[in-house]
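Please model the complete structure; the sequences and the hints are all you need to start from.
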Amino acid sequence: MFKALADRSRRKLLDQLHAQNGQTLSELCEHLDMTRQAVTKHLVLLEAANVVATVWRGREKLHYFNPVPLHEIYDRWIKKYERQRLRALSDLKKGLEASKGK
Amino acid sequence: MDTPKTVYISYIETTPEKLWDALTDGEFTRKYWGGRRIQSDWLVGSPVKHIREDGGIDWQGEVLKSERPRLLSYTFHMHISARHRGEQPSRVTFEIEPMGAVVKLTLSHDGFVSAGATFETTHHGWPAILSSLKSLLETGNPLPFTGLGFGRSGEARTSLT
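Going line by line, the protein sequences match chains Y and H. First residue of the first sequence? That's 0 in numbering that gives the first Met the number 0, and the numbers climb one at a time after it. First residue of the second sequence? That's 0 in numbering that gives the first Met the number 0, and the numbers climb one at a time after it.
Treat each hint with caution, since some may be false.
[To be verified] Straight-line distance between alpha carbons at most 30 Å, and here's what the computed DSSO-like set of lysine-lysine pairs gives: (1) H:K48 with H:K64; (2) H:K30 with H:K103; (3) H:K103 with Y:K2; (4) Y:K92 with Y:K60; (5) H:K64 with Y:K60; (6) H:K103 with Y:K60.
[What the hints assert, rightly or not] Here are some, though not all, of the chain Y residues that point toward chain H, as calculated from beta-carbon distances under 7 Å: (7) Q36; (8) N49; (9) A52; (10) V54; (11) W55; (12) P66; (13) V67; (14) H70; (15) E71; (16) D74.
The set of hints was computed from the structure by calculation and includes no laboratory data. Note that the Cβ used here is the ideal one computed from N, Cα and C, for glycine as well.
Following this line, the structure appears as structure tokens:
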């Protein structure tokens, strides 16, 4: 997944989907300064990393930004730090309220 | 079929049957869905409710499709605030496909107003819920919710666990 996000063009593609979810390949190409082949190649990588989800509508393939793998990383590495911060704030609030009550 | 507004995919090391039960059994949802129990007899046309530990209802709907262990779809009307209640019921669909040793879970959520309250809440909620579900099925441990998930817009319910 980090490899998928390591490329500027692929991050731009994800930004596009984040701004408007459910685009076809042609719609994505309209907003990007890349060949159709390049966009296709990037989409394959993003889909393999599961940060892009695809759904077929008739003969059209629609692309969606899939935040689930990013959330798994958030849960694994980021949330624990956030929780410590929240606990510190909570302790501070309790401390301040307790001293106010005296 | 109209265009889904959001699509979420998770690959989970489990069986389709276990995943189905995890989505439809209230005792199971309580573990990974912030203490909330899902309640329905899962017959097409039956009501579905999502009940908090305090007995309040987060959302309710009606079963549209129920084909164990492959396809589950219900309408979804959030009750957590007046803004949510004022929006039309949306639609949630779970597709379960075995892929070798893992199961692909595709969740599509559509039929809500763009940038509305339901979208805002669920767009933060679904990834948290799916990550917690994946963790529970694969390791036996759900992920702790820190006021995220469906509690996000209800500030009063934000906990510091």
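Q: Go through the numbered hints given earlier and state which of them the structure violates, listing their numbers in rising order.
A: The structure breaks hints 4, 7 and 11; every other hint is satisfied.
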